[in-house]
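J.: Chains as they are written, first to last, in this note's numbering: chain A, 89 to 205; chain B, 3 to 116.
Among the hints, erroneous ones may be present.
Here are the computed distance ranges between Cβ atoms for each label pair [stated by the list, open to error]:
#1 Lys54(B) - Glu174(A): 22 to 32 Å
#2 Glu10(B) - Ser89(A): 41 to 51 Å
#3 Asp99(A) - Ser111(B): 22 to 32 Å
Anything over 12 Å on all C-beta distances counts as not near chain B; from chain A, calculated [claimed, not checked]:
#4 Thr136
#5 Thr200
#6 Leu205
Rather than coming from a laboratory, the hints here were simulated on the basis of the structure.
Ideal Cβ placement from N, Cα and C applies to all residues, glycine included.
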Amino acid sequence: SAVISQKPSRDICQRGTSLTIQCQVDSQVTMMFWYRQQPGQSLTLIATANQGSEATYESGFVIDKFPISRPNLTFSTLTVSNMSPEDSSIYLCSVGGTGTHSNQPQHFGDGTRLSIL
Amino acid sequence: GDSVTQMEGPVTLSEEAFLTINCTYTATGYPSLFWYVQYPGEGLQLLLKATKADDKGSNKGFEATYRKETTSFHLEKGSVQVSDSAVYFCALSPSAGNNRKLIWGLGTSLAVNP
C-alpha cells in the first residue's frame, strides 16, 4: 500500500491565520482525499482532489475556506484559511487504491493535529 | 442513501476478553466493507476488508464476516490485548459509482485494561 507523509504533524495557530498542510505519497495516485476529524468524532470528507482539475468539495465546505492544490500525482496541499477555534481538528489526507474498483481501500497519513487559540 | 451504524462506545474490557463491535449497513447492491483502527495520536490504518457476501476479512487476530442477509460486518477478536486499545471505524464503499467516497460509522472506542 502507498506510504503517505503529512506535514506538519501538529500545530498551534492563532485565530485569523492560515495554515497549509502538505500530503506526499510515495507513488502516483489518481484520487486524493482530505478529511476533517473533530475531537471525539468520526471522519468528515472535505473534498476530493484529482490531478489536473479543481477539487470537488462536499456540502458544507467551500474553496475559500479550504483551498486545495494538486499539482501532480504524488502531492497535494490543503489550506485552512482564516482559522477560528472551531477549526481545531485532525486533518487527514488519504489516497484511494489503484484501479477502478470500489473494493480498493483508502490509505491514510498520520494526520495533522491543529489547535486554534 | 447509504449509511453505516456502529455500536456506541466506549467499550471497556479486561485483557484476554472476547471482543465484538457491531456494525450494520444500509446500501444498494454489493458494497465493499472495511474496518479501520486509529491508535492514540495516530492516523487511521486499514485493519481488514471484505468485498463480497460471505467473505471473511482477518488481520492481527481480528475477524469480520460480510453478512448480506443481516447487512452486518461485526468485528470480533477472541482475546484482546492492552495494545488493542484504540478507536475502531466501520466503513462502506458503495458498489455504484467510481468516486470511492467512503461512508463512515461514528467509531467505537475500545479500552483494554491489564
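J.: Now look at each hint and say whether the structure bears it out.
T.: Now for the hints, and whether the structure bears them out:
no. : hint                             : in the structure
1   : Lys54(B) - Glu174(A): 22 to 32 Å : 41 Å, violated
2   : Glu10(B) - Ser89(A): 41 to 51 Å  : 30 Å, violated
3   : Asp99(A) - Ser111(B): 22 to 32 Å : 25 Å, holds
4   : Thr136                           : 7 Å, violated
5   : Thr200                           : 10 Å, violated
6   : Leu205                           : 20 Å, holds
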